[in-house]
Amino acid sequence: MASSCMGIGGEGSAPAAPHVLAVDDSSVDRAVITGILRSSKFRVTAVDSAKRALELLGSVCGLTEPQIISRFRNFRFLCCIACAITYSCIGLQGANVSMIITDYWMPDMTGYELLKKVKESSKLREIPVVIMSSENVPTRINRCLEEGAEDFLLKPVRRSDVSRLCSRVLP
Amino acid sequence: MGYLDEQFCQIEDLQDETSPNFAEEVVSLFFKDSVRLVTNIEQAMEKYPEDFNRWDAHMQQLKGSCYSIGASKMNNECTLFRNNCGQENAEGCMRSFQKVKREHAILRQKLESYFQLLRQAGPAGTATRPAGK
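If you read the protein sequences in the order shown, they are chains A and B.
Under the working numbering, think of the first position of the first sequence as 1015, with each following residue one higher.
Under the working numbering, think of the first position of the second sequence as 167, with each following residue one higher.
Please note that the accuracy of each hint is not assured.
[To be verified] Quick list of simulated restraints, FRET-style, between CB atoms:
id	chain 1	residue 1	chain 2	residue 2	range
1	B	Gln-209	A	Ser-1174	33 to 41 Å
2	A	Leu-1184	B	Val-201	35 to 43 Å
3	B	Val-201	A	Arg-1066	19 to 27 Å
4	B	Glu-216	A	Arg-1066	17 to 25 Å
5	B	Asp-182	A	Glu-1134	34 to 42 Å
6	B	Glu-208	A	Arg-1066	42 to 50 Å
7	B	Thr-245	A	Arg-1173	40 to 48 Å
8	A	Leu-1159	B	Asp-179	45 to 53 Å
9	B	Gly-168	A	Asn-1156	31 to 39 Å
10	B	Gln-282	A	Leu-1159	39 to 47 Å
11	A	Leu-1159	B	Gln-264	36 to 44 Å
12	A	Glu-1134	B	Leu-284	27 to 35 Å
13	A	Gly-1072	B	Asn-249	39 to 47 Å
14	A	Gly-1162	B	Ala-256	38 to 46 Å
Treat the hints as calculated values from the structure; they're not laboratory data.
Ideal Cβ placement from N, Cα and C applies to all residues, glycine included.
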């Protein structure tokens, strides 16, 4: 089972199932949350750090057309492919990632810090962010909710948690 | 069997035509991860004697993985280890760590046998002869 970047670039013009970005440094947890989301028919991209998540979010929502074109100017073949992919990204800008679900406790940058960065960004702040944690710490939960987290799920995350959440959060 | 709880069933339930071996894949990821984490803990206990915070931080990661696949017995031993860290009981930690390693080895054996049995049983309709050994 590969956690592939299925969502980016929109394979063909299939009606977009909501695209969820899952962030967790544990490969086991990434596999499990990906499995749960896919079984609920979402497109999933799973990354292992908040930094990678921000890169992904930035690459989807941050680059302008001229920037992308000039970047690939010297590689005509790559340019064609890249433009096709990124044009479809731009077309879905802001709507490509419908939800972020992130582990709280990660080395380098926590899920809370990722949440703050998302909510501070004018481009990203509308994206619902859900935090997961194996520890039930009320102050932590409140802090995340106050910062704008959509929900806080206790691990191990169940399919029922995710379907309840998604039906509430996603269109 | 007491080794795995309902979370493991949840993982098996996620198997379908597109991911027919999902549970085995997740378990394989778990063991790749857990072997590394157990080694980290072992090294930390050697290199940093009585550094309970460090030991605990490593064990927290291992416990998290156990929790995610429903490895309840192993999870319990991890908890006991963490309790010993909290009480700064080095000997207690050594003892519980041995138990964690033992449960880890047992779990691995059991899951390997389990998936082997599933493979031998095969998809319905294709098993035409009894399992070899």
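So, going through the hints one by one against the coordinates:
no.: 1; hint: Gln-209/B to Ser-1174/A: 33 to 41 Å; verdict: 39 Å, holds
no.: 2; hint: Leu-1184/A to Val-201/B: 35 to 43 Å; verdict: 37 Å, holds
no.: 3; hint: Val-201/B to Arg-1066/A: 19 to 27 Å; verdict: 24 Å, holds
no.: 4; hint: Glu-216/B to Arg-1066/A: 17 to 25 Å; verdict: 36 Å, violated
no.: 5; hint: Asp-182/B to Glu-1134/A: 34 to 42 Å; verdict: 39 Å, holds
no.: 6; hint: Glu-208/B to Arg-1066/A: 42 to 50 Å; verdict: 29 Å, violated
no.: 7; hint: Thr-245/B to Arg-1173/A: 40 to 48 Å; verdict: 25 Å, violated
no.: 8; hint: Leu-1159/A to Asp-179/B: 45 to 53 Å; verdict: 29 Å, violated
no.: 9; hint: Gly-168/B to Asn-1156/A: 31 to 39 Å; verdict: 36 Å, holds
no.: 10; hint: Gln-282/B to Leu-1159/A: 39 to 47 Å; verdict: 46 Å, holds
no.: 11; hint: Leu-1159/A to Gln-264/B: 36 to 44 Å; verdict: 41 Å, holds
no.: 12; hint: Glu-1134/A to Leu-284/B: 27 to 35 Å; verdict: 48 Å, violated
no.: 13; hint: Gly-1072/A to Asn-249/B: 39 to 47 Å; verdict: 42 Å, holds
no.: 14; hint: Gly-1162/A to Ala-256/B: 38 to 46 Å; verdict: 43 Å, holds
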